[in-house]
Amino acid sequence: MPLLKFADANKRITISIEIEGVATTAILDTGAPYSICEPEIARELGFDSADAIEDIKISTWGGKVNGSIHRVNLSLPADEGTSLSLDAPVFVPDLDQDFAPGFPPSFLGLIGCLQSMRFAIDPSSENFYFMASPR
Amino acid sequence: MVTNLIAPPQPSEISIWFKESRKYKGLEDSSVWESPRERMSRECTDLLMDFARVLDNVTDGEGTSARLSSERAPALDRLEAAAEAGDECAFLEALESITWYSRPPADFIRAVRLALEAGAHLAARQIALEGAKYYPEDSEIGKYARVLAPPRLVSKNLQPNPARRANREWLKVHGGEYRGQWVAVQDGELRGVAESLRQLIKQVGSTKDVLLTRVP
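Chains as they are written, first to last, in the numbering used here: chain U, 511 to 645; chain C, 2 to 217.
There could be a bad hint or two in this list.
[Claimed, not checked] DSSO-like mimics (lysine-lysine), calculated; alpha carbons at most 27 Å apart, straight line: (1) Lys173/C x Lys144/C; (2) Lys515/U x Lys173/C; (3) Lys173/C x Lys567/U; (4) Lys209/C x Lys515/U; (5) Lys144/C x Lys567/U; (6) Lys574/U x Lys203/C; (7) Lys144/C x Lys515/U.
[To be verified] To give an idea of the interface, some chain U residues facing chain C are shown, with a C-beta separation under 10 Å as derived from the structure: (8) Ile523; (9) Asp606; (10) Asp608.
[Said to hold, decoys possible] Simulated restraints, written as ranges between beta carbons of each label pair: (11) Ala76/C x Pro633/U: 22 to 32 Å; (12) Ala76/C x Ser635/U: 30 to 40 Å; (13) Glu178/C x Ser635/U: 42 to 52 Å; (14) Pro633/U x Thr100/C: 19 to 29 Å; (15) Glu590/U x Glu85/C: 43 to 53 Å; (16) Glu590/U x Thr100/C: 50 to 60 Å; (17) Ser98/C x Glu590/U: 25 to 35 Å; (18) Asp188/C x Gly573/U: 23 to 33 Å; (19) Glu196/C x Asp604/U: 13 to 23 Å.
Just so you know, the hints here were simulated from the structure itself, not pulled from any lab data. No residue lacks a Cβ here, since even glycine has one placed at the ideal position from N, Cα and C.
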């Protein structure tokens, strides 16, 4: 199965991804409904608002957050084996909210992303294994 | 001999059947496997729903379009109250009481937005997909359905990119020195540091094969 090494010394499950072809990192969060794209990345990439649901509030563990949901190209570049590329929804929080410094980072969530693949996590070897769901 | 014959539901059963069908679909992904019998049953229900809408037009004095206009539905108010409270269970319960086939596209859109606010994310997707099915000509509900649809696999045969490993190793070893800042790393070497991504991109120019991330 293709694998990716974690990219975080603090043992958070942070992996390399590409959003619309731009390489960055994201934290895996199987409890998050949506993938979250860091708002600064969304702003610099200039997501198309014609293919977005804008001015919405979504409910998160941290409370309600304002933002928009965009359909983007999301890739998981494997270190070994074959990489995956998805057309997936991501939530982009509005920048003008009172976030803690450095928050929110990018997250890969379940409904919008991980549900389309089979995956396994090995914390001891810091590997994330993934493949397209056969369904 | 005809086997697997399914008796069509009586008009009074239509709403119940539809709701049960929605409840079932709400638990699973839209791509859930259907047996031929289930599929026939669903298609039969859809046909009857269309027929019921036509009947509404004929029998309702003012016609469906008048009835579907902007009148504020109490059922949607319940959705709104649940969304404001962030109560997903109350939202799903209120959702069960709504007969969707007679709702205008604006109600579907409103319900999708409220579902997201309530944390009922799968329900949001299902409402959008259902709305697009009933109003295929409505571009706005079509957009909602498209954006919220399950992720679609574009490619699963891309080549691996082992060069990324060096960037990740750099982050693990040196990331702590740049907490809260944006860094650009290429081939395992730091290319730039900045307070914002915009400043960082100005520094490095091309972003091809460059890892851009804010160190948490």
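Verification of the supplied hints:
1. Lys173/C x Lys144/C: violated, 40 Å
2. Lys515/U x Lys173/C: holds, 11 Å
3. Lys173/C x Lys567/U: Violated - the C-alpha atoms of Lys567/U and Lys173/C are around 34 Å apart, more than 27 Å.
4. Lys209/C x Lys515/U: The given pair, whose Cα atoms are some 21 Å apart, holds under the 27 Å limit.
5. Lys144/C x Lys567/U: holds, 17 Å
6. Lys574/U x Lys203/C: With a Cα-Cα distance of about 33 Å, the restraint between Lys574/U and Lys203/C is violated, given a limit of 27 Å.
7. Lys144/C x Lys515/U: Since the Cα atoms of Lys144/C and Lys515/U sit roughly 36 Å apart, the hinted pair is violated (cutoff 27 Å).
8. Ile523: Violated, about 12 Å.
9. Asp606: Result: violated, 15 Å to nearest chain C Cβ.
10. Asp608: violated, 17 Å
11. Ala76/C x Pro633/U: 22 to 32 Å: violated, 46 Å
12. Ala76/C x Ser635/U: 30 to 40 Å: violated, 52 Å
13. Glu178/C x Ser635/U: 42 to 52 Å: violated, 26 Å
14. Pro633/U x Thr100/C: 19 to 29 Å: violated, 48 Å
15. Glu590/U x Glu85/C: 43 to 53 Å: Holds: the Cβ-Cβ distance is about 48 Å, inside 43 to 53 Å.
16. Glu590/U x Thr100/C: 50 to 60 Å: Given a distance of about 52 Å, which is inside 50 to 60 Å, the answer is holds.
17. Ser98/C x Glu590/U: 25 to 35 Å: violated, 51 Å
18. Asp188/C x Gly573/U: 23 to 33 Å: violated, 40 Å
19. Glu196/C x Asp604/U: 13 to 23 Å: holds, 20 Å
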